[in-house]
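Chains A and B, in that order, give the protein sequences. Quick note on full-length UniProt numbering: the first sequence kicks off at 1 and runs consecutively. Quick note on full-length UniProt numbering: the second sequence kicks off at 1 and runs consecutively.
None of these hints come from the bench; they were simulated from the model. Treat the hints loosely; a few may be bogus.
Pairs of lysine-lysine residues, derived as DSBU-like cross-links and limited to a Cα-Cα distance of at most 35 Å, are as follows [claimed, not checked]:
id, chain 1, residue 1, chain 2, residue 2
1, A, Lys104, A, Lys168
2, A, Lys154, A, Lys211
3, A, Lys85, A, Lys273
4, A, Lys385, B, Lys131
5, B, Lys420, A, Lys19
6, A, Lys385, B, Lys420
7, B, Lys131, A, Lys19
8, A, Lys211, B, Lys420
9, A, Lys154, A, Lys19
The following label-pair restraints were derived from C-beta to C-beta distances [to be verified]:
id, chain 1, residue 1, chain 2, residue 2, range
10, A, His113, B, Thr27, 47 to 55 Å
11, B, Lys420, A, Leu425, 34 to 42 Å
12, B, Leu23, A, Pro202, 26 to 34 Å
13, A, Leu429, B, Pro30, 46 to 54 Å
14, A, Leu416, B, Leu80, 51 to 59 Å
To list a few chain A residues with every Cβ distance to chain B over 12 Å, as calculated [said to hold, decoys possible]:
id, residue
15, Tyr44
16, Ile97
17, Gln129
18, Gly257
19, Ser485
Cβ coordinates follow ideal geometry from the N, Cα and C atoms, glycine included.
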Amino acid sequence: MPRLLASALQLRRDPRILKLPPYVSLLCILVGVAWLFLLPLDRYSRKTYISENALLPGQVHTYFGGSDQNVFRAYKHEVNELVGKSNIEINDKLEPIVKGLGLKTARQNFTYHAAGHTFAGENLYAILQAPRGDATEAIVLVAAWENVRHEINKNGIPLALTLLRYFKRWSLWSKDIILVLTPDSIAGPQAWVDAYHDAHDPSHVSSLPLKSGLLQGAIALDYAQEGRFESVHVVYDGVNGQLPNLDLINSIVNIAGGQMGINIALQEMWRHKGGYPDRLRTMLRGMLKQGLGLASGAHSSFIPYHVDAVTLQPFGEGWQDEMAMGRVVEGSFRSLNNLLEHLHQSFFFYLLMRTERFVSIGTYLPSAMLVAANFTIMAIALWVKSGQPPAGATPPKNKTETPDTTTAPTAAERDLFLPLGVVTLIQSLSVIPLYLFNHAPESALTPLFATFAVLNTLLPPALSHLLTTLPATPTTPHQYNLIKSFSLLLLGMFLSTLATLNFSLAMITGLLAAPLSFVRPCRSAAAKAAASALLTAVSPAVVLLAAALYWGVDVTTVLREASVAWHVCGTYSPVVVWCVWWPAWVAGSVVVLGGRREEAVKEKTT
Amino acid sequence: MDGAKVTPGRTACLYIGAAVLRLVIFTLLPGLPDLLTGRVEISTPVTSFKRLQEGLFLYNHNVSPYDGGVYHQAPLLLPLFSLLPSITRLPIFTYLLYIAVDLLSASALWRIADSGEAGSSALFTSPRREKRWSGLVIAAVFLFNPFTVATCLGRSTSVFTTCAILHAVAKAVSGAPFGAMVAISFASYLSMYPLLLLPPLVLLSYDRQHSGRAIKSAPKFAAICASTVAGVLAALFQLSYLVTGSWEFLPSTYGVQLTLSDLTPNVGLWWYFFIEMFDSFRSFFLAVFWLHLSSYVGGLTVRIRRQPLVALTLILGIFAIFKPYPSISDAALFQAMVPLYRHVFPLMRYTFVSTAVIMYATCLGPAFYYLWIYAGSGNANFFYAITLVWNLGQSLLVCDLLFAVLRDEWEVERPEMVGKEIRQI
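Bound-form chain A, shown alone (with noise of 0.2 Å):
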């Protein structure tokens, strides 16, 4: 054991020791993303299974149908009449029928005010009462008059009335089912279930007048295609990448395909074969709109207050009819029914492959973690060998002598306030692009960018500037490892922190910033400037840019979506942005123009 202790102390003051990190740290960057390629293979990923009893799916029958598609019919004959009529218009003609069910009606205004536009409207909701239950737990089924694509919930709308007046026919139920009718798919239920949970703003978002017990889960529909359907699209992600219990999802799964004979798509995967490509491709889409962390329907803003919740949606040319669909609720409904807990049993953090296949998160998260953990191992290195004393100096030789009386490895006094300063300068700048890109009015997001585009590339040669000039005495090499540790350190910390949270944020921003690991002080111009050029490349505002031109959409549009989620949804994708990767960007760019050429260096020192 002393002998191995004494090994162990040699080893660690090899300098070969030092030069090990970067390779260690790359290979921690591709192990994470290979890991992430191998996840969709059978061996990694696992079938899914129902995990809580009580749900029991598909078990019962369901007698939606008959007499209640000529009341559809009727529905959507007045629906129909209202289309293109206003927010008031359209609830005062609702409500009536509603309350002709029998059940109590109430409404609730919001206004939201993001990127210089107003986002206003009127919910309605009715409650109907569970005949067996006491008013302690509810389920709600919600229908906005427009999806996000902003067409109009044609079907989904007279649907939803349609079941709720053939559900309470029923005397079966023992929570109370809520009908949430909203003019919008992302303010309205964001409003109405921040109400429903006392944590709005009461000067934006007025409280509701009725309540029910605790929401146990949430079924949203948005039926706008008309004609008969072939399969149904489920779509689960939440705010800030945070989804529904498994469980939910396999039941509808259950229901729709093992009861009804309806396929189930996820991630617009329209076409799955099943293969390893498809696979893939459903999870990376997952991924994505998990790390964007916007709100992708109606359900979305259930989901951050622990109700699960999914939004169903038609699509295709098939034979089945409406009434099909209002089975699959109907089935969904009977199965949330018989909960007698809140769902838990199953996983929260999950990346679906196919509705049948996932992996879980302790197969998944150590690729985002191995991708955190490579600024971790860089941070520290660095750390270590600016504890060295300078290239230049010989180290101290006496390996004649015996282990117990080597000098202890003297590690040079670190002068901290100057890289601790440049580090905290920047991460406190960072609050200018967040402040400005959330409260500028949309037409002025598009001068904004392109100014801030400018003074970003700008900014990493000013600070280098300011730091050869302005201290007394010139910013060591040390000073620059310090300065690039401190900052991988806190990127590091950040990024495993929010691989908790969001896991695929975690990934991408990881995956991006993974560069910043190997930048180093560039000695001569030429080098220098090969290097910023590269990482100006992977700077947020030109991936943001080369982002948007990919899928064809405007930079304006994406930062007004970035706002309007801010503002409505609370995503927080901007504060990732903004101050964990922007500013471990800066200081990657200036530790890169740090370098000066080594007659620089002596001439200053003789």
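Could you slot chain B onto chain A? The hints should help.
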């Protein structure tokens, strides 16, 4: 930085800067103080400002503040806070009180730093003592430490204890044993655990007596100190009895700390153990946990007899880890004392690791608490795991400081070993 000249202007700048920072946060982000007040990392059952409000409400309505089992703090805080205008209408007075307490703590810390006790005590003079930070820097490190600021914003009542402890130490190093004993009595009255600081504090006061009116006999000095503390505590208890009209406050304040009857999660190590524990073992393990906490006092006081301030610092660090209801304010107090040992920093070995661990835990703690309580996708183990990491970081810092101080002493005893590698066994 080391030789910075301290002028009245700089002093004023520091204090005004710290006060303005806190006032700006209080006024510009009015939601933040209430958010921080609710955080388990800042407010424990025995220091929470919310619970103080509850106690205050009951007290002002002539109901015993300890009815309902929410309020577990010292009774004399109630008359103090009922003198202030209501927090809902004029919160500024409460803010100003908390800011003033922070500044008072900083000034005590400043005096401790300027005394030079950390570098050269009565029985030991460190060869490295020249390298130290001025009181200004140390006070600034304390005042701008994010943990201190967060505690102040969260209006945890532990700031009063911190202030009393720092004043006790400051009085002791400036040769005023009576003042030190009165201050430590106040700290013990407020939170009980500072009573354990008494042995090293008595030694510190004994070492730093003014030569003119010094009491030479150590037992006599200790007896006088102990009786002073007992007297002041008795007076405070009597006053509390008069204020609340019953002795109920004793089980509700000190009893709760001794028996850990409130199991609200915090950053410490106790709550999870006692949640998991079968009731039949509870009293046994309570005794073990308390014995463990207090056993450090004797050992450290004896081992580092020559530098009582070091013993005090290390015990404060150990409290921040092993107390029944620790919060980040205890960590802030320990971190305020650590910069006094600037001269042994080069001997410390794990500064980067312990700093990184503490920073990681600071980030991950709230995230895991969110996953457990709000998102419902995690469970209590998540948060407990991160409190283990947090305490690992703190204990690394404590051990590292202890190592550095002992090595410093050792190099004086054995000059031939200066700079040689040693192996810890």
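A quick look at each hint next to the structure:
A C-alpha spacing of about 12 Å is found between Lys104(A) and Lys168(A), which places the hinted pair at or below 35 Å, so the restraint holds. Of the supplied pair hints, the one linking Lys154(A) and Lys211(A) holds, its CA atoms being roughly 27 Å apart against a limit of 35 Å. Between the alpha carbons of Lys85(A) and Lys273(A) the distance comes to roughly 43 Å, so the proposed pair goes past 35 Å and is violated. At most 35 Å may separate the alpha-carbon atoms for a hinted pair to count; Lys385(A) and Lys131(B) meet this at roughly 24 Å.
As the CA atoms of Lys420(B) and Lys19(A) are separated by approximately 26 Å, the hinted pair is consistent with the 35 Å bound. This hinted pair checks out: Lys385(A) and Lys420(B) have alpha carbons roughly 21 Å apart, not beyond 35 Å. Between Lys131(B) and Lys19(A) the alpha-carbon distance is near 33 Å, which keeps this suggested pair within the 35 Å criterion. For a cut-off of 35 Å, the pair hint linking Lys211(A) to Lys420(B) is broken: about 73 Å separates their Cα positions.
A C-alpha spacing of about 65 Å is found between Lys154(A) and Lys19(A), which places the hinted pair above 35 Å, so the restraint is violated. Hint check: His113(A) to Thr27(B), Cβ distance near 23 Å, so the stated range 47 to 55 Å is violated. For the hinted restraint 34 to 42 Å between Lys420(B) and Leu425(A), the CB-CB distance of approximately 41 Å keeps it satisfied. At roughly 27 Å, the beta-carbon separation of Leu23(B) and Pro202(A) lies within the given 26 to 34 Å, and the hint holds.
About 25 Å separates the C-beta atoms of Leu429(A) and Pro30(B), a value inconsistent with the hinted range of 46 to 54 Å. A beta carbon spacing of about 40 Å between Leu416(A) and Leu80(B) contradicts the range 51 to 59 Å that was offered as a hint. Chain B leaves Tyr44(A) outside its interface by the beta-carbon criterion, the shortest separation being 22 Å against a cut-off of 12 Å. No Cβ of chain B comes within 12 Å of the Cβ of Ile97(A); the nearest lies about 36 Å off, and the non-interface call holds.
No Cβ of chain B approaches the Cβ of Gln129(A) within 12 Å, the least distance being about 26 Å, so the stated non-interface status holds. For Gly257(A), the non-interface assignment is confirmed: its Cβ lies about 26 Å from the closest Cβ of chain B, beyond the 12 Å cut-off. The non-interface label for Ser485(A) is inconsistent with chain B: the shortest C-beta to C-beta separation is roughly 9 Å, within 12 Å.
Hint check: violations occur at hints 3, 8, 9, 10, 13, 14 and 19; the rest are consistent with the structure.
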